Amino acid sequence: MLTKTFQTLAAVAIGAASFAATSASAADGEKFKVYLSLSYSGNAWQSSAANIVKALAATPPYNETVELIEVITGTDPQAQISAYESMIDAGADGIVSFPISSTALNRTIKRGCEEGVLFFMYDATVTESCAYNVSYLSSGFGENSAQALVNELDGQGKIFLSRGVPGNSVDQRHTDGAMHIFNQYPGIEIVAEYYSYWDDRTTQQETAKALTAHPDVDGIWAQAGEYGAIQALLDAGDRLVPMTGENSAGFRRALADPDMQAKGLKGVSAGSPPAQSGYAFKIMMEILTKQRELAPMNIEYPLPWVPADAVSICTGDTYEDGCNVFPESKVPTSFVSEVLNPVLLPEVNVESALNGTPVEGATIQPLPADIQEAGNEPGINCNRCEAPADLYKLTKVEATVQP
Amino acid sequence: MIDSDNAKTVESSFAQSGDGRASARVSRETISTVTVAILCVVMLLGARFISPSLGSWSQVETVLVLGSFLVVLSFGQGLVILTGGLDLSLPALITLGGILATNWIGVYDTGAWYLLPVALLICAGVGLISAIGIVWLKVPPFIMTLAMSIIVSSILLGYTKGTPRGASPDAALALMKGSVFGQPAVISFVILFVIIGWLFQSRSAIGRYLYAVGMNVDAARVAGVPVVLVQTLPYVISAVCAGLVGIMLVGYSNGATLRMGESYLLPSIAAVVIGGSSILGGSGSFLGTVGGAILLTTLGTIISAIGLEFGLRTIIEGTIVLVALLLLREEFFQKLGSLWR
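Heads up: the protein sequence lines correspond to chains G and A, in order.
My numbering numbers the first residue of the first sequence as 1230 and each following residue consecutively.
My numbering numbers the first residue of the second sequence as 129 and each following residue consecutively.
Just so you know, nobody snuck in bad clues.
No farther apart than 27 Å at their CA atoms in a straight line, the calculated lysine-lysine pairs in the BS3-like style are these:
#1 G:Lys1262 - A:Lys289
#2 G:Lys1339 - G:Lys1262
#3 G:Lys1492 - A:Lys305
#4 G:Lys1559 - A:Lys289
#5 G:Lys1559 - A:Lys305
Simulated restraints, written as ranges between beta carbons of each label pair:
#6 G:Arg1468 - A:Ser391: 21 to 29 Å
#7 A:Phe460 - G:Asp1305: 33 to 41 Å
#8 G:Glu1418 - A:Ser391: 23 to 31 Å
Here chain G is said to cover these stretches of chain A; the calculated rule only asks that three of the stretch's residues, wherever they fall, bring their Cβ under 8 Å from a Cβ of chain G:
#9 182 to 189
#10 432 to 440
Worth flagging that the hints you see were computed from the coordinates, not collected in a lab.
Given the structure is predicted, the values throughout are model-derived calculations rather than measurements.
Using N, Cα and C, we set each Cβ at its ideal position, and we do this for glycine too.
Based on the sequences and whatever the hints tell you, model everything.
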C-alpha cells in the first residue's frame, strides 16, 4: 500500500522521470514487455479502465508471460510523447494507451511502429494509421441518444445539452451527431447548452444554473456526469424529466427506481465504456502470442445501450443473467457500469474494476473471432479520409415520431 | 490582560500608520461592500431581460446555495491573503475533506457525525504543516502550498486507488439538502458563518493582529504582536474551511471525486480581490469577500442563461469581472472624489 502510494506519487509528481527508473529495473527477456500509458488517473473512468488491464495482466497465463508497466503522464501531450519515446527505447513489445491528443502523438507512434512496437489506443483515438484504435466513438452515441430523447418527448419540448470538455474532438463528435437529429425537429428547442467536463459535480452545478432560467425544461441530453443533472432537478423541485446520459451506476439505478420513474424520469444509458481498455489489451496479446493475425485498423467497440426498462441490478460480482448495474452497497454513484463485458471480458469482476485484482481461478478466454471494423471519422481515427455518407445512421433506435 | 493591551497598541499604531483617518478607512471598506451588493441586485433584476424566470426568489436561492462553497472557502483564502500569503492547496484540501467524508466516514457509518470534526482536524493538520514550512522554514507560500497540494492529492489517489467509495454522511446531507424555516438549511448556515467570520476578522483582537502583520511584519513584532502564531493561524483556518467545503460538496452531490476541488482555486482568490482586499495583504474585509463570492456566482448563473457560444459567454464573464474589479479599487473612488472637488 505504502509503496504503491509512493509510486503513484512519484508518477504524478515527476512523470517521465519515474518511468525511466522503473524500466531500468525490468530486464527479464522472457516476458512480453507491455506498457499501460495513462493520462491522469484521477477519475473513476480512467482508473477503472486501467484496473481492468492490470487485472487481466495478472490473470493466468498472462501473469507468467506479461510484464505490465503503468505510466501516468498527466494531461500534457508532450509528457506522453516522451513517455512513448522511453518505452520504445526500452524495447516495448506493446503499448496500451489512452492518448491525450489524436494528432500530437503521431510521429512518435510512427517511429515505434517501425521498431516493431504494437500501439493499441482505447476510447480516445489517434489518426496515425499504424496504430490500432479500439473505440466506441464511431458507434453513434450522439445521434442514437438524441433520437431516443426525441422519441420520449414526442418531438416537442425545451431541452438542455450537457456537454463535455470545450474543444475536445470526442465532445464535438457526440454533439454533431445529436444536433444532426435535433435539427430535424423544429419542435425541439435547445434552451441551454453548457459544458460539464464529464463530471457529476460540474453537471449538477451547471444544470442548477440553467434551471434558474428555464425551470420548465422538458428533457436533458447529457454526456458523462448525467447523475449530477438528476440531482440538480431534484434540488430544484420534485420533478424529473426524460433524459439520456452515459453509464454511471447512479444514473442506471435511478432509471430502475420506481420513485424516480414516478417523478418523470425516463431515458437511456449509453456512452463510453472503460471495458474498451481490456478489449484492446486482449486483442494485442492475441496478436503478440500469434493467436490472431490482424493488420493495424480501427476497431469498433459496440455502443452500450440500456433503456430504462432493461436496467437490472446485479446480486453477484459480475454481469450475469442480463443484469447491468451494481447496487449501492457495492459501487459508488460515479462508478462507470460499462467496465465489465460478459462476452469480451469474462475473466474480470467488479473487484477487478475497483482494485485491479484478478479473479481467483479465472484464466484468459479467447476473444470472439470476429472484430468489427470502425467507420472513418475524419480527424478522429484517420487523416485525409472521407466520412461515410451514412455517418449519423441510427443503429440502436428508430424514430417513432416524424419531424 | 496582556492581550487587550496589545490590541490597543496595535489599534493605535495601525491607525497612525495608515492614512491617518480611521473614518476614511472604514468608509472605503464600506463603500466597496455596498457597491458589490448593489451590483448583485442590479444584475439579478437586469437578468429578467434575459429570461423572465431569472430575478426570482428561486434564483436567489440557487445563487446562495451554489455560492455557499465559495463564501466558506474564500474566508480562509482571505485570511491568508490578508497576512500577505496565498493558499494554493485549497483544491487538494477540498478533496481531502470530501474523501474523508465518503471513503472513511461514509463507508464506516454514515450516521457518525462525530467523526466530521476529526476529518476537519486532519485538514487542520495539513494546514499546520504548510504553515510550519512557510513561517518557520521560510518557504515562499506559493511553493509550500503548491507542494502540499501535490502531496495531498497524490496520497488521496493512492488511498482511493482512483475510485472514491462510500456515500455522504447524514450530517452533510442534512446541511445541504435539509431545510430550516422553509429555506434550505445551508442558507442559514452561511449567514451564521458570515457573522462569525466577520466578528473574527474585523472585531476580534486576533483579527486586528492579522491586519497588523499583513501591513508590516516588523512593525507588528515591535508592537508586541505574537507574529509566529498570527502567521500560522490563517493557513490552519484556511485548511479547515477547505475541508468543510469538501464535506458540503459531498452533501450537495452525495459523493466525492478526486477532482472535486479543482474549479475553486481561482474563484476563491478572485472573490477576495473583487471584495476589495489587496492581493499584497493588510487590507480588506470579509463582508467585501462575501459580496465578491456572491457576485461571481450570480454572474455565473446569469451568463449560463445567455444563449451565446461558450467562448463568447466566457469573454463576457471575464470582462464583467475585470470591470467590477476596476470599479471597486479604492483609487477609483479617490480619483472620483478629487474630480468632485
